[in-house]
Amino acid sequence: MENSSNTDDFILRVNNLKKYFPVRRGILQRVINHVRAVDGVSFDIKRRETLSLVGESGSGKSTVGRLLARLDDSTEGSIVFNPGVNDVPGYSVGGSDITHSDPSTTKALRRKIQLIFQDPYSSLNPRMKTAEIIGEPLFVNGIARGRVLYDKVREYMSSVGLREDQMFNYPHEFSGGQRQRIGIARALIIEPELIVADEPVSALDSSVQAQVLNLLQDLQKQYGLSFLFISHDLSVVKHISDRIAVMYLGRIVEIAETDELFTNPKHPYTEALISVAPVPNPNIRGKPVILQGDVPSPIDPPGGCAFHPRCRYAAEKCKTETPELQGENGHQVACHFSEELHLQALEGFHT
Amino acid sequence: MSLLDVNNLTVKFDTPEGIACPVDNISFTIEENQVVCIVGESGCGKSITARSLLRIVPTPPGRIARGEIKFSSQHGPVDIAQLDSNGETMRSIRGNEIAMIFQEPMTSLNPAYTIGNQISESIILHQKASRREAWKKSIEMLELVGIPSPAQRVHEYPHQFSGGMRQRVMIAIALSCRPALLIADEPTTALDVTVQAQVLDLLSKLRQENRMSVLFITHDLGVVAQIADVILVMYLGKIVEKGTSEDIFFKARHPYTRGLLDAIPSLSATQRKRLVPIEGSVPSSIDLPPGCGFASRCHLATSRCFEETPEMTSVSFTHEASCWNMPARESGDSVRPERNADS
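Protein chains in written order, with this note's numbering: chain A, 1 to 351; chain B, 1 to 343.
There may be inaccurate statements among the hints.
To be verified - The list that follows gives simulated cross-link-like pairs (lysine-lysine, DSS-like), each with its CA atoms no further than 30 Å apart:
hint, chain 1, residue 1, chain 2, residue 2
1, B, Lys273, A, Lys46
2, A, Lys287, B, Lys273
3, A, Lys46, A, Lys221
Hints were generated in silico from the structure; no laboratory data involved.
With these hints in hand, go ahead and build the complete structure from the sequences.
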């Protein structure tokens with residue numbers, strides 16, 4: 001996407017990113033098809049901004065997160081980290097395309113991009129003590145060891161709201177919310193610039209979810225972090241994001257600033273998502289736009305606009321031509337009829 | 001008489017660590033054609049409550065220690081708590097007059113049998129129908145829950161269905177004997193939001209057509225607001241507040257209910273306020289200290305809360321809550337209880 005503002009303001013720029021997973025079959029494991037998990041995604045993230053990816057399962061939102069952190073190799077496209085910065089002393093990753101970085105660059109990059117995972121029960125090693133888990137990134141990267149490392153661990157434990165005397169406890173001694181705090185401390189301890197948070201509160205109970213969301217927002221302010229927040233929960237996303245990108249079958253169908261997206265949705269899929277999100281208020285029983293059927297398989301996505309079989313506005317054109325993501329003032333949408341449709345915004349929402 | 005009348009139900013689990021009490025002295029009623037929602041966080045006992053009604057709590061370790069579950073069955077009133085869980089009466093109620101759908105549509109169907117087989121099983125069992133009749137009924141049921149080309153899909157296996165479709169099949173099985181009460185335990189939690197909307201829409205349509213009561217269990221207050229007539233808020237095995245959805249969403253009196261409502265980010269909020277979390281986490285239900293279970297996390301707690309367990313007190317005709325620090329009278333909508341409670 002083209003933006004007139006200075007590239008220094010951006011921490012990450014993703015262009016036409018694709019990830020196809022091969023589908024193999026038979027004794028020779030021949031590749032018979034591809035799962036188009038991510039199929040041409042472009043966006044950028046500003047410094048100190050929270051950009052959210054929303055979508056249903058199979059929309060490719062988690063794969064985008066994994067590609068950014070270089071946990072998977074992308075098939076096509078580019079990811080540029082720190083696009084405006086060419087030489088950051090000590091790091092070879094500024095300004096370069098990291099899509100196919102070599103192992104040493106990737107290692108340096110991981111100091112700058114860290115992940116927070118969904119499931120706090122399976123993302124911590126049950127045989128390691130808290131201090132080892134949180135301190136491991138420092139140790140592995142040769143930043144600190146011994147007393148310095150433990151001091152650092154103590155500092156970060158207190159900033160995520162864990163007690164110092166819990167340093168030598170094992171993960172099973174903590175509740176889900178506390179484990180998620182351990183995961184957050186581990187991600188922050190090597191002072192990254194970008195955090196990819198993949199459904200960080202989905203596995204938590206609602207009372208604990210609020211604790212973790214508040215913590216993430218506080219830490220973002222304190223350390224000047226940028227967030228890529230991946231979630232399926234629109235109310236969480238609305239609460240935490242500056243901008244939101246809605247994904248469907250591996251593509252971004254709409255991207256806009258949070259309030260703009262909710263007051264003025266331009267893609268029929270966004271309209272449907274907003275209308276079916278349960279609002280905890282019995283007086284707002286709006287008119288849900290109930291989509292027929294399920295998300296189609298990304299192995300064989302529908303031609304044209306991938307959303308057309310479930311879209312109530314679909315016309316002949318939608319079956320043949322794939323709409324491009326376009327628009328002005330940061331509100332971009334991939335729909336042939338975005339200007340003609342008058343879509344239902346969030347009920348009871350006033351700015 | 002109510003369809004279901006639960007009185008002082010207590011379920012205990014004997015575990016190596018001690019006796020846990022996941023359901024602690026709860027009472028509620030379900031009227032005909034009513035949707036009752038149980039809301040609460042994980043571990044609050046909502047699923048065990050539902051399972052006790054069908055007597056499918058594994059025994060041992062679980063046992064109904066006290067209380068009665070009075071159900072108006074077709075053959076007259078029975079107390080489910082007193083029945084033999086594998087006896088003839090219970091088996092004639094389970095799946096027939098009271099049916100249940102579960103959270104995991106992926107694991108609650110048998111992968112080795114066709115969809116048609118699994119739907120006709122309960123029809124043959126409860127309705128004395130022949131295999132051929134049951135099969136015909138299965139196709140009708142699939143059509144009713146909105147599965148396209150049912151005559152063909154009835155021959156397919158669960159793996160050929162998507163998550164939302166499998167949940168529809170579960171609903172078809174549950175409704176095939178026209179139950180008076182449907183228990184739905186987090187039926188949409190594993191589904192995507194657009195599919196969740198389809199399933200909720202289907203459930204409410206079928207409920208109206210069949211004049212069926214529903215006991216709906218969920219942790220999602222948003223879903224509750226869409227469907228509930230009566231809401232029971234559970235915390236640590238106890239019902240802490242019960243009322244109509246108006247009572248709970250606009251006039252909540254228990255600090256836990258208020259806390260839950262403040263803690264969830266709301267789509268309808270006009271500006272982004274900081275969330276107000278409930279501090280701490282749910283304590284273990286083994287060896288609970290005396291007093292109110294919520295006291296350790298409550299910002300209104302006084303010394304009395306740690307000593308005496310509050311009883312359910314009536315707030316209005318439809319609304320009850322159990323808290324020592326509720327204001328004596330209705331003081332207006334969404335006003336927090338005063339903090340200057342005597343301590």
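query: Between Lys287 (chain A) and Lys273 (chain B), does the CA-CA distance stay at or below 30 Å?
result: Holds, because 26 Å separates the two Cα atoms, which is no more than 30 Å.
*asked:* Please verify whether Lys273 (chain B) and Lys46 (chain A) have alpha carbons no more than 30 Å apart.
replied: holds, 23 Å
Worksheet entry | Pair hint Lys46 (chain A) and Lys221 (chain A), alpha-carbon separation not exceeding 30 Å | holds, 14 Å
This entry satisfies every hint, going by the numbered hints stated previously.
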